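Enquirer: Same order as they appear, the protein sequences are chains S, Z, B and U.
Per the working numbering, the very first residue in the first sequence carries number 1; after that it's consecutive.
Per the working numbering, the very first residue in the second sequence carries number 1; after that it's consecutive.
Per the working numbering, the very first residue in the third sequence carries number 1; after that it's consecutive.
Per the working numbering, the very first residue in the fourth sequence carries number 1; after that it's consecutive.
Hints are not guaranteed to be accurate.
Stated by the list, open to error - One-sided excerpt, in silico: chain U residues whose CB lies under 8 Å from chain Z:
1) Gln76
2) Asn83
3) Leu111
4) Gln125
Read the hints as simulated data drawn from the structure, not as lab findings.
These numbers were taken from a predicted model, which means no experiment stands behind them.
A virtual CB, placed ideally from N, CA and C, is assigned to each residue, including glycine.
Protein chains: 4
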Amino acid sequence: MTLKMTVEELGAFMAAEFPQVAADFAIDRLAQMEIDLRLQVEERHLRPGGTVSGPSMFSLADCAIYLAVLAMIGPQGLAVTTNGSIDFMRKPAAGKDIVAKCRLLKLGRVLAVGDVLMVSDGMDQPVARASMTYSIPPG
Amino acid sequence: MTLKMTVEELGAFMAAEFPQVAADFAIDRLAQMEIDLRLQVEERHLRPGGTVSGPSMFSLADCAIYLAVLAMIGPQGLAVTTNGSIDFMRKPAAGKDIVAKCRLLKLGRVLAVGDVLMVSDGMDQPVARASMTYSIPPG
Amino acid sequence: MTLKMTVEELGAFMAAEFPQVAADFAIDRLAQMEIDLRLQVEERHLRPGGTVSGPSMFSLADCAIYLAVLAMIGPQGLAVTTNGSIDFMRKPAAGKDIVAKCRLLKLGRVLAVGDVLMVSDGMDQPVARASMTYSIPPG
Amino acid sequence: MTLKMTVEELGAFMAAEFPQVAADFAIDRLAQMEIDLRLQVEERHLRPGGTVSGPSMFSLADCAIYLAVLAMIGPQGLAVTTNGSIDFMRKPAAGKDIVAKCRLLKLGRVLAVGDVLMVSDGMDQPVARASMTYSIPPG
Chain S
1 MTLKMTVEEL
11 GAFMAAEFPQ
21 VAADFAIDRL
31 AQMEIDLRLQ
41 VEERHLRPGG
51 TVSGPSMFSL
61 ADCAIYLAVL
71 AMIGPQGLAV
81 TTNGSIDFMR
91 KPAAGKDIVA
101 KCRLLKLGRV
111 LAVGDVLMVS
121 DGMDQPVARA
131 SMTYSIPPG
Chain Z
1 MTLKMTVEEL
11 GAFMAAEFPQ
21 VAADFAIDRL
31 AQMEIDLRLQ
41 VEERHLRPGG
51 TVSGPSMFSL
61 ADCAIYLAVL
71 AMIGPQGLAV
81 TTNGSIDFMR
91 KPAAGKDIVA
101 KCRLLKLGRV
111 LAVGDVLMVS
121 DGMDQPVARA
131 SMTYSIPPG
Chain B
1 MTLKMTVEEL
11 GAFMAAEFPQ
21 VAADFAIDRL
31 AQMEIDLRLQ
41 VEERHLRPGG
51 TVSGPSMFSL
61 ADCAIYLAVL
71 AMIGPQGLAV
81 TTNGSIDFMR
91 KPAAGKDIVA
101 KCRLLKLGRV
111 LAVGDVLMVS
121 DGMDQPVARA
131 SMTYSIPPG
Chain U
1 MTLKMTVEEL
11 GAFMAAEFPQ
21 VAADFAIDRL
31 AQMEIDLRLQ
41 VEERHLRPGG
51 TVSGPSMFSL
61 ADCAIYLAVL
71 AMIGPQGLAV
81 TTNGSIDFMR
91 KPAAGKDIVA
101 KCRLLKLGRV
111 LAVGDVLMVS
121 DGMDQPVARA
131 SMTYSIPPG
């Protein structure tokens with residue numbers, strides 16, 4: 001398997017299809033079955049005390065796995081999340097982006113599964129961990 | 001155990017502490033260990049095709065359980081989500097709010113667990129299901 | 001939709017297909033999209049202190065949802081669990097069976113989702129909660 | 001932090017405290033915040049077709065994270081699983097052990113979180129992925 005979309009193509013796809021959230025994210029790295037996706041933290045992602053909200057991190061993980069799947073199968077059809085689990089482990093560092101390191105563990109005909117480790121930019125200790133399953137519509 | 005906060009007090013608390021998201025939600029019903037919370041769906045919650053986004057439903061479930069905990073323990077301290085799982089089961093109906101029916105299954109000294117069934121307003125079939133654990137800081 | 005299998009047929013199916021675990025379980029109640037399944041607790045399900053082990057409760061939840069699906073679709077094909085989440089909330093009562101109250105939240109063509117509340121027999125407070133997704137093979 | 005228990009000490013602890021399951025498992029590797037744990041597959045772990053059952057893999061993941069925590073904090077107190085999520089991704093290879101590669105992502109004062117990738121012995125592609133949270137009792 002090789003990548004069916006480039007970083008630029010994924011960015012253009014997001015901007016066209018998900019204009020509400022496309023500006024939140026930037027792709028740091030793309031490889032086969034892997035993506036690093038950055039949440040460009042703005043005021044709207046924050047909770048009191050300056051910490052990034054849980055739903056913002058859920059959204060980051062969801063988007064990372066979605067883009068990793070798209071990069072592998074191409075922009076055909078509408079993959080949808082069927083479920084996800086997330087663990088919040090540490091308070092994100094104030095004033096830092098969150099970087100999601102995502103790998104696809106399974107890319108089947110019908111279901112794809114990915115997991116994601118999220119860190120505050122430049123830090124080692126994960127702030128959160130998530131895994132999601134996507135249902136891939138018949139081509 | 002009795003409720004330590006009213007619907008009005010919860011609303012005021014949200015408006016003061018979470019101004020970014022307070023306007024998204026309305027409390028339909030509050031009882032001991034239970035809350036019905038409504039996501040007042042706006043353009044910003046939607047995905048292409050007019051369906052409510054997964055992260056918006058995650059946020060609704062998270063907020064419902066948070067408010068159910070606060071209603072029971074009062075506005076003391078800062079409960080934080082430690083983890084959650086969510087299943088997306090059906091496409092939400094276009095142009096409808098999402099109503100989360102939440103019950104607390106456990107309200108311990110340290111951890112609280114709630115589960116949530118989400119429906120498109122007026123419908124029977126659930127669009128999603130979620131459960132979350134909150135860590136309650138020492139009083 | 002009506003039930004395609006009776007309690008007796010489900011029991012016979014389990015005894016034939018899953019002889020290792022069939023004796024662990026008894027069906028207390030079966031209805032459309034619902035089942036109450038009992039874990040008949042034996043020494044092998046216990047942990048030190050006489051409490052039922054987590055994996056035994058996971059197995060109970062998994063089996064309850066499997067049987068609820070089979071009762072609806074009939075003994076055709078081999079549904080497999082694709083994922084699950086479980087919350088352990090209280091220590092089970094010593095010397096009591098565990099009863100799982102399961103409902104199917106979705107029974108689609110490809111995926112089924114169920115959730116389960118588990119109590120120590122005769123008690124009110126749940127000891128655990130679980131949800132599972134089953135993949136249904138093409139008929 | 002350094003390891004507070006050796007492979008031998010963990011094995012002796014399991015044999016004494018969990019005699020029902022201790023023989024199921026063997027520690028392949030132990031390091032700081034990491035463990036590789038092997039499920040020595042026997043007839044009782046199998047489902048029809050010779051595949052390892054889901055609950056057996058849940059049990060393996062649960063035990064791996066438990067031992068990784070114990071190795072770090074020592075055999076004091078009784079850590080208990082508060083929740084877990086698991087994705088089953090591929091059918092395990094027949095006649096092979098399952099090896100769980102576990103890392104602790106968080107080891108806090110109150111909660112520990114670990115994740116686990118499970119492979120059929122000698123294979124590359126994961127058969128399952130799990131994460132669990134343990135509650136650590138006050139020392």
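Enquirer: Taking the least C-beta to C-beta distance, is U/Gln125 closer than 8 Å to chain Z?
Expert: 24 Å, violated
Enquirer: Quick check on the hint: U/Asn83 CB to chain Z CB, less than 8 Å?
Expert: 6 Å, holds
Enquirer: Would you settle whether the hint for U/Leu111 is holds or violated, based on the nearest Cβ-Cβ distance to chain Z being less than 8 Å?
Expert: 6 Å, holds
Enquirer: Grab the minimum C-beta distance from U/Gln76 to chain Z and call the hint holds if it beats 8 Å, violated otherwise.
Expert: It is violated, given that the least Cβ distance between U/Gln76 and chain Z is near 18 Å, above 8 Å.
Taken one by one, the earlier hints fail for this structure at numbers 1, 4, listed in ascending order.
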